[in-house]
Amino acid sequence: MSLLEIENLTVEFETRSGHLFRAVDRVSLAVDEREIVSIVGESGSGKSVAMLAVMGLLPKTARVSADRLTFAGENLLGLSPSARRSLIGKDIAMIFQEPMSSLNPCFTVGFQIGEALATHLGLGRAARRARSIELLEQVGIPSPESRLDAFPHQLSGGMSQRVMIAMAISCSPKLLIADEPSTALDVTIQAQILDLLVRLRDEQDMALVLITHDMGVVAETAERVVVQYAGRQVEQATTIDLFRDPHHPYTAALLAALPERATGRRLPAIGGMVPGQWDRLAGCVFAPRCGFALPICSTEPPRRAGPELGRALCHTPLVAGRPVALDRSLDGVPA
Amino acid sequence: MTPAISPVPADSETPVLFADDLVKTYEVGGGLFSKGGTVRAVTGVSLKLAPRKTVAVVGESGSGKSTLGRMLALIEPPSAGHLAIDGIDVTGVDGHRLKMLRRSVQMVFQNPYGSLNPRQTIRKTLEEPLLVNTDQTPEERRAAALAMLAHVGLRPEHADRYPHMFSGGQRQRIAIARALMLHPKIIVLDEPVSALDVSVRAQVLNLLADLQEEFGLAYVFVSHDLSVVRHIADEVLVMYLGRVVERAPKEAIFADPRHPYTRALLSATPVADPTRKRERIVLTGELPSPFAPPPGCVFNPRCPIAFDRCRVEKPEPRGSATHVAACHAVEAETM
Numbered sequence: 001m002s003l004l005e006i007e008n009l010t011v012e013f014e015t016r017s018g019h020l021f022r023a024v025d026r027v028s029l030a031v032d033e034r035e036i037v038s039i040v041g042e043s044g045s046g047k048s049v050a051m052l053a054v055m056g057l058l059p060k061t062a063r064v065s066a067d068r069l070t071f072a073g074e075n076l077l078g079l080s081p082s083a084r085r086s087l088i089g090k091d092i093a094m095i096f097q098e099p100m101s102s103l104n105p106c107f108t109v110g111f112q113i114g115e116a117l118a119t120h121l122g123l124g125r126a127a128r129r130a131r132s133i134e135l136l137e138q139v140g141i142p143s144p145e146s147r148l149d150a151f152p153h154q155l156s157g158g159m160s161q162r163v164m165i166a167m168a169i170s171c172s173p174k175l176l177i178a179d180e181p182s183t184a185l186d187v188t189i190q191a192q193i194l195d196l197l198v199r200l201r202d203e204q205d206m207a208l209v210l211i212t213h214d215m216g217v218v219a220e221t222a223e224r225v226v227v228q229y230a231g232r233q234v235e236q237a238t239t240i241d242l243f244r245d246p247h248h249p250y251t252a253a254l255l256a257a258l259p260e261r262a263t264g265r266r267l268p269a270i271g272g273m274v275p276g277q278w279d280r281l282a283g284c285v286f287a288p289r290c291g292f293a294l295p296i297c298s299t300e301p302p303r304r305a306g307p308e309l310g311r312a313l314c315h316t317p318l319v320a321g322r323p324v325a326l327d328r329s330l331d332g333v334p335a
Numbered sequence: 001m002t003p004a005i006s007p008v009p010a011d012s013e014t015p016v017l018f019a020d021d022l023v024k025t026y027e028v029g030g031g032l033f034s035k036g037g038t039v040r041a042v043t044g045v046s047l048k049l050a051p052r053k054t055v056a057v058v059g060e061s062g063s064g065k066s067t068l069g070r071m072l073a074l075i076e077p078p079s080a081g082h083l084a085i086d087g088i089d090v091t092g093v094d095g096h097r098l099k100m101l102r103r104s105v106q107m108v109f110q111n112p113y114g115s116l117n118p119r120q121t122i123r124k125t126l127e128e129p130l131l132v133n134t135d136q137t138p139e140e141r142r143a144a145a146l147a148m149l150a151h152v153g154l155r156p157e158h159a160d161r162y163p164h165m166f167s168g169g170q171r172q173r174i175a176i177a178r179a180l181m182l183h184p185k186i187i188v189l190d191e192p193v194s195a196l197d198v199s200v201r202a203q204v205l206n207l208l209a210d211l212q213e214e215f216g217l218a219y220v221f222v223s224h225d226l227s228v229v230r231h232i233a234d235e236v237l238v239m240y241l242g243r244v245v246e247r248a249p250k251e252a253i254f255a256d257p258r259h260p261y262t263r264a265l266l267s268a269t270p271v272a273d274p275t276r277k278r279e280r281i282v283l284t285g286e287l288p289s290p291f292a293p294p295p296g297c298v299f300n301p302r303c304p305i306a307f308d309r310c311r312v313e314k315p316e317p318r319g320s321a322t323h324v325a326a327c328h329a330v331e332a333e334t335m
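Protein chains in written order, with this note's numbering: chain A, 1 to 335; chain B, 1 to 335.
Don't read these hints as lab results, they were simulated from the structure.
Warning: the hint list may mix true and false statements.
Each computed EDC-like pair below joins lysine to aspartate or glutamate, with the alpha-carbon atoms no more than 20 Å apart [to be verified]:
id: 1; chain 1: B; residue 1: Lys277; chain 2: A; residue 2: Glu260
id: 2; chain 1: B; residue 1: Lys277; chain 2: A; residue 2: Glu134
id: 3; chain 1: B; residue 1: Lys250; chain 2: A; residue 2: Glu260
id: 4; chain 1: B; residue 1: Lys185; chain 2: B; residue 2: Glu128
id: 5; chain 1: B; residue 1: Lys277; chain 2: A; residue 2: Asp241
id: 6; chain 1: B; residue 1: Lys277; chain 2: A; residue 2: Glu223
Non-contacting residues of chain B with respect to chain A, defined by C-beta distances greater than 12 Å in every case (computed) [unchecked claim]:
id: 7; residue: Ser61
id: 8; residue: Glu213
id: 9; residue: Tyr261
id: 10; residue: Phe307
Just so you know, even glycine gets a beta-carbon here, dropped at the ideal spot from N, CA and C.
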């Protein structure tokens with residue numbers, strides 16, 4: 001049994017016009033203990049919404065459904081609010097993209113770290129202070145005693161993110177969800193934060209779900225990758241396999257569009273843009289931008305390929321850059 | 001010992017942009033009870049840019065790269081030093097001549113959501129530079145705006161829409177079109193693609209390359225993203241705390257980085273290749289305050305190879321005509 005098991009998670013939002021917008025469409029994911037899984041995708045891919053649904057942090061307008069959504073065997077969907085509160089922040093913690101706006105500007109760093117310690121562990125004042133200093137030390141903040149009394153505006157972006165991480169790991173969570181933890185930071189600070197997260201994973205025996213749009217971060221940090229596009233999970237593979245031989249045309253195009261992989265002056269860009277609320281097709285969501293699209297792609301939703309093909313959601317997954325048909329009925333494509 | 005070289009090497013092509021020893025200082029603070037201070041945002045930057053060439057300015061936040069960009073775009077007057085655009089010295093020029101010079105340099109900003117007026121249609125936005133700077137008739141302006149829209153890959157029907165109706169990539173195309181309306185010779189691009197998704201980023205980078213060819217533009221490309229810089233730049237300036245620590249042609253910067261900061265920056269940049277062995281030079285700490293830059297070399301508190309001399313003596317830029325680094329350790333190596 002995996003630590004976190006998600007099967008066919010769907011999140012829909014009621015829009016003002018009364019329609020339902022499907023932000024996450026039947027996403028499945030299993031995260032094992034001590035594993036680093038990355039969810040990668042562009043804006044609008046539903047990567048953050050899926051994890052917010054796991055945390056139960058979505059607004060009331062969201063409708064979350066899933067065949068299975070369990071954490072350490074416990075069903076997260078039927079959880080009462082009080083049971084959820086005792087789980088979230090303790091066993092599952094999350095950090096966000098903008099550390100500066102994630103901290104409350106009105107309270108000191110020490111107070112904010114202490115809150116979780118008081119709520120979940122029931123520590124007294126002195127014990128909280130001692131543990132807070134220990135946590136700040138662990139995340140690499142110099143002279144932690146003096147930093148306890150600092151307000152968030154006195155910290156740099158990198159420091160704020162370290163404080164957020166200290167808060168997240170304060171109750172030794174089994175799972176840490178990091179939503180673009182280093183995107184707003186400079187590269188040298190980004191490297192420090194990613195190294196810190198990997199080190200904490202090793203020390204604390206926690207699993208890490210890393211949401212990012214940066215393929216470089218994925219390649220250097222994650223063990224397994226899930227690629228999402230327009231709310232759907234288009235591919236899932238180990239990091240090594242995904243970068244060596246991407247099976248979904250979107251993954252392949254995304255990798256090819258990276259400037260560092262380009263050979264010529266022009267980049268092989270993906271034409272068009274991510275579909276919005278109203279222009280999602282009946283068939284494959286990537287068909288309008290896909291270089292390998294067949295007529296069937298815009299009419300019929302693709303089946304999911306097997307794990308040997310990265311569970312690619314595609315009629316003709318790529319093998320070594322060439323499409324192969326899942327069905328023998330497709331003309332002109334070698335099976 | 002290598003002789004100290006002149007700040008800007010001579011080359012055959014006439015530069016369209018020439019900067020010599022540019023300095024920008026700001027007076028700050030000075031409240032009721034505190035004494036104000038002087039921040040040196042940019043110190044002694046020299047560069048030279050030929051048509052159809054791209055110079056990239058790389059650095060982290062606080063490195064002064066954006067301030068440099070703003071000085072080159074004539075938004076901020078330099079506090080000291082010389083700046084010549086198209087052979088005309090900008091220092092001391094004002095009134096009508098400055099206005100004429102401003103036509104030659106235009107700027108594209110990072111955030112396409114914030115840099116377009118939400119209450120103006122795209123046609124109005126594009127016509128405005130012509131309205132202010134030329135005496136073209138309304139018909140001519142309209143035709144010019146529509147022609148420019150086509151150049152940046154948008155359709156004529158987009159002209160009467162408002163900015164909120166466009167995606168981030170499209171808005172950046174509009175911002176680029178606006179910058180091109182007066183047919184400038186130089187465009188200062190301040191992080192033009194860092195707010196865009198990977199697939200859209202490639203489209204905009206391709207567009208910039210096409211426009212450079214077509215209009216013979218010179219680009220000053222301010223960025224923190226080394227993988228993008230590697231793709232687009234001809235020459236790279238690496239800035240740290242307001243100073244250029246290394247300047248070299250692109251190939252040399254990436255193949256043979258000399259300054260320890262450049263090396264650290266390169267090693268911290270995530271590369272989308274999970275099989276790559278990473279030898280990360282971890283920089284501890286963060287950028288020092290520009291109010292109180294450290295004595296000696298500004299990089300010495302974070303430098304992994306700093307020695308005694310670095311803490312007292314400021315390193316001068318040294319090297320060959322094309323490849324210059326300001327570092328005592330490099331100097332010792334090459335002597």
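Do the hints match the structure? See the list:
no.	hint	in the structure
1	B:Lys277 / A:Glu260	16 Å, holds
2	B:Lys277 / A:Glu134	32 Å, violated
3	B:Lys250 / A:Glu260	13 Å, holds
4	B:Lys185 / B:Glu128	19 Å, holds
5	B:Lys277 / A:Asp241	16 Å, holds
6	B:Lys277 / A:Glu223	15 Å, holds
7	Ser61	6 Å, violated
8	Glu213	9 Å, violated
9	Tyr261	9 Å, violated
10	Phe307	21 Å, holds
In this structure, the earlier hints numbered 2, 7, 8 and 9 are contradicted, and the remaining ones agree with it.
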